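Asks: Could you put together the complete structure from these sequences and hints?
If you read the protein sequences in the order shown, they are chains F and U.
Just add 130 to wherever you are in the first sequence, counting from 1, and you've got the working numbering.
Just add 51 to wherever you are in the second sequence, counting from 1, and you've got the working numbering.
Just so you know, these hints were derived from the structure itself, not from any lab.
All of these numbers come straight from a predicted model, not from anything done at the bench.
Among the clues, some could well be false.
[To be verified] Here chain U is said to cover these stretches of chain F; the calculated rule only asks that three of the stretch's residues, wherever they fall, bring their Cβ under 8 Å from a Cβ of chain U: (1) 323-330; (2) 418-431.
[What the hints assert, rightly or not] DEER-style ranges, computed between Cβ atoms: (3) R155/U / G248/F: 40 to 50 Å; (4) D306/F / D75/U: 43 to 53 Å; (5) E264/U / R354/F: 16 to 26 Å; (6) S216/U / N381/F: 51 to 61 Å; (7) N381/F / L255/U: 30 to 40 Å; (8) Q301/F / Q258/U: 51 to 61 Å; (9) R112/U / E239/F: 56 to 66 Å.
[As the list claims (entries may be wrong)] Distance condition first, Cα-Cα at most 30 Å in a straight line; then the derived DSS-like pairs of lysine-lysine: (10) K321/U / K377/F; (11) K225/F / K236/U; (12) K250/F / K321/U; (13) K250/F / K236/U; (14) K321/U / K230/F; (15) K321/U / K225/F; (16) K225/F / K250/F; (17) K225/F / K424/F; (18) K377/F / K424/F; (19) K433/F / K225/F; (20) K377/F / K433/F; (21) K236/U / K321/U; (22) K321/U / K433/F; (23) K250/F / K230/F.
C-beta: ideal position from N, C-alpha, C; glycine also.
What follows is the residue order along each chain.
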Amino acid sequence: MRHFPKLIAALTLLASPAAADLARAVDEHILPGYAAFAETTAALHDAAVESCAPDTLRADWNAAFDAWMRVSHLRFGPVEEAGRSVIIAFWPDAKGMTPKGLSRLIAAEDPIVNSPEGFKDVSVAARGLFALEYLLYDAQYDATAPYTCDLIRAVTADLADIAGAVSHEWQNGYADTLRTAGAPGNGTYLTENEGLQVLFTNLVAGLEFTANERLGRPLGTFDRPRPNRAEARRSERSLRNVDLSIKALKNLTDTLVDAPLPQSDAAFDRAIQTAAELDDPTFASVSDPSGRLKVEILQQKVKAAEVGVLAEVGPALGVAQGFNAGDGD
Amino acid sequence: MTTRRSFLTTLLAASAMPTLSWADAGNPRYLAAAREPDGGYALFGLNALGQDTFRVPLPARGHAAAGHPHKPLAVAFARRPGTYALVIDCADGHVLHQLTLPERRRFNGHGAFSAGGDVLYTSEIDAASGQGVIGVWDAMSGYRRTGEWSSQGIGPHEIARLPGSGDLVVANGGIRTAMDDERSKLNLDTMAPNLSYFSADGELLDQISLPPELHQNSIRHLALRSDGLVSFAMQTEDPDGWFTPLLGLHRRGAPLVLAAATEPQQMRMKGYAGSIAFSGNGAQVALTSPHGGVLSLFDAAGQFQGMMARTDVSGVGPAEGGFMTTDGLGGLCSIAGDALSPLNSAPRAWDNHLVTLPV
Chain F
131 MRHFPKLIAA LTLLASPAAA DLARAVDEHI LPGYAAFAET TAALHDAAVE SCAPDTLRAD
191 WNAAFDAWMR VSHLRFGPVE EAGRSVIIAF WPDAKGMTPK GLSRLIAAED PIVNSPEGFK
251 DVSVAARGLF ALEYLLYDAQ YDATAPYTCD LIRAVTADLA DIAGAVSHEW QNGYADTLRT
311 AGAPGNGTYL TENEGLQVLF TNLVAGLEFT ANERLGRPLG TFDRPRPNRA EARRSERSLR
371 NVDLSIKALK NLTDTLVDAP LPQSDAAFDR AIQTAAELDD PTFASVSDPS GRLKVEILQQ
431 KVKAAEVGVL AEVGPALGVA QGFNAGDGD
Chain U
52 MTTRRSFLTT LLAASAMPTL SWADAGNPRY LAAAREPDGG YALFGLNALG QDTFRVPLPA
112 RGHAAAGHPH KPLAVAFARR PGTYALVIDC ADGHVLHQLT LPERRRFNGH GAFSAGGDVL
172 YTSEIDAASG QGVIGVWDAM SGYRRTGEWS SQGIGPHEIA RLPGSGDLVV ANGGIRTAMD
232 DERSKLNLDT MAPNLSYFSA DGELLDQISL PPELHQNSIR HLALRSDGLV SFAMQTEDPD
292 GWFTPLLGLH RRGAPLVLAA ATEPQQMRMK GYAGSIAFSG NGAQVALTSP HGGVLSLFDA
352 AGQFQGMMAR TDVSGVGPAE GGFMTTDGLG GLCSIAGDAL SPLNSAPRAW DNHLVTLPV
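Replies: As structure tokens, this is what we get:
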């Protein structure tokens, strides 16, 4: 549906939100994304119960993280209940709370790992994908030590439980809540625009997070690059996460908008291409001027995608960014 | 003792007083500024059901307003750093007066009337030095500027009068802003916010600072309970302040209480509390976090009670049974117990605050 002439497209934009396809975004982007995250985290937990040996468990952990990257930009609804998204992915962690929390548990051999309910009271920093990254990749931990293995199983059980609950709640209630935005009796989305607004806001915020945090944190400043701040650098997933997040945000755009988006499409494609050409999985090269330039260029491409989205997707959906959400007072 | 002279003054004042009351403005419970679909701005009166009682156009983006204690008048303030403050007759929508700022002063979006309504206090900054100023205006003589005093801090934001008293409390946010764009923040490493109490004539009575590790928590908005308990909402400038408390509770002479939600819930506030209110019965405090799209509930001792999601929620005020909220999507919602339910939806984006009228 992206091939009709520009003039008609321009006219279509005036009539909001004809170009929006909320139901398609729910059915083709959100629900399968959460289902895959639930499946991969369940598989990760099964594998951990089988063995805590990092060599085998890392593949399952990476599969779960890949699945998370397809939905990590969705920050509303069930994944925000009780702060679940923060538990799933506690990053950035500039104060090193994750290793501190894990080491504290291990040093004390805290029996809280034996109680799935009790484990819900453990600090968010010592749970989720990034806690597992430390336990599976950082040399200070021995995943096969008995207590550490119990801790890994507690974290994978907690993660699978959260992922399963999010997927279940989307399939049994929240998807309908979003699909019926604006319908009488819908107390969450008072108008259809509100449903589109939340997805648009998440799309823009997702691009900003990748540009400013995933890329901006390791870039630091020219005088003080911070390669140790790259996301998931221990598992060498930093660039992969950027790549997957851009693709996921493009997929959200594709499913949500039923109108030509020449600027956004081109900008997304350039960002994906730039990420593919970058040979620096952890952004370690930011300390070196020529390497840094390449990472900066990738950041610019992601920002260009945001510019495209703001210029085209917002008008196509008939929504703008939140009035107060993007504002300071 | 009533002397003949003061009796005459009282009589004169009484005969000169307009007979109109808030009932003539449709009995609004709240005031809120908004951006309208055509991009213009207006101030609205709202009743307890979230319905409009009046609409007054504003010349530029508004922020908060101060309702007169008994006359149907409100002073609407421009968004910080602002140059306009309009005294609006809420019964007929006329602009009665425009406050004229001295050179180099800027409004910071908030103000408060004295108990009798004869003096208006406004939070301001000196545009050259960045120092905080409280402007004093004579509401009985056309809102003439009669004086000013130091706010005893940088970046004063909300100012409120203590119930049953002439004393005032000021949230000095601590952030110095740039002169060129007047919103860039210049002193994040050294900022030192405080809560300052003043007598009606500007004498500093008390000043409360935050613990050193929270010096980047800007104290910005206030809600007061009828017994003098002050609650304040903060916005942290610490980029890693994930779990930083954003709620403060203080009563003069008692220790400061700082409150946070559970870790994962606190993170949903994104380090930013936009507005604050006590519930209708005073037993709860609500903080809004428009960046995170959540509203957090605490009891009056600072114990976290729960959190609810509402996109772009920002304005909050007391209501019977709980709270009323406004948001940038135009929604007006009621909060009672642990449930948020829509009251009304208006075709406009509600701005930061929902101002409760003193009636």
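Asks: Look at each hint and say if it fits the structure.
Replies: Here's how the hints hold up against the structure:
no. : hint                        : in the structure
1   : 323-330                     : holds (count 4)
2   : 418-431                     : violated (count 0)
3   : R155/U / G248/F: 40 to 50 Å : violated, 60 Å
4   : D306/F / D75/U: 43 to 53 Å  : holds, 46 Å
5   : E264/U / R354/F: 16 to 26 Å : holds, 23 Å
6   : S216/U / N381/F: 51 to 61 Å : holds, 59 Å
7   : N381/F / L255/U: 30 to 40 Å : violated, 58 Å
8   : Q301/F / Q258/U: 51 to 61 Å : holds, 54 Å
9   : R112/U / E239/F: 56 to 66 Å : holds, 57 Å
10  : K321/U / K377/F             : holds, 26 Å
11  : K225/F / K236/U             : holds, 23 Å
12  : K250/F / K321/U             : holds, 21 Å
13  : K250/F / K236/U             : violated, 38 Å
14  : K321/U / K230/F             : holds, 22 Å
15  : K321/U / K225/F             : holds, 16 Å
16  : K225/F / K250/F             : holds, 22 Å
17  : K225/F / K424/F             : holds, 28 Å
18  : K377/F / K424/F             : holds, 19 Å
19  : K433/F / K225/F             : holds, 27 Å
20  : K377/F / K433/F             : holds, 14 Å
21  : K236/U / K321/U             : holds, 18 Å
22  : K321/U / K433/F             : holds, 22 Å
23  : K250/F / K230/F             : holds, 18 Å
The earlier numbered hints that this structure contradicts are 2, 3, 7 and 13.
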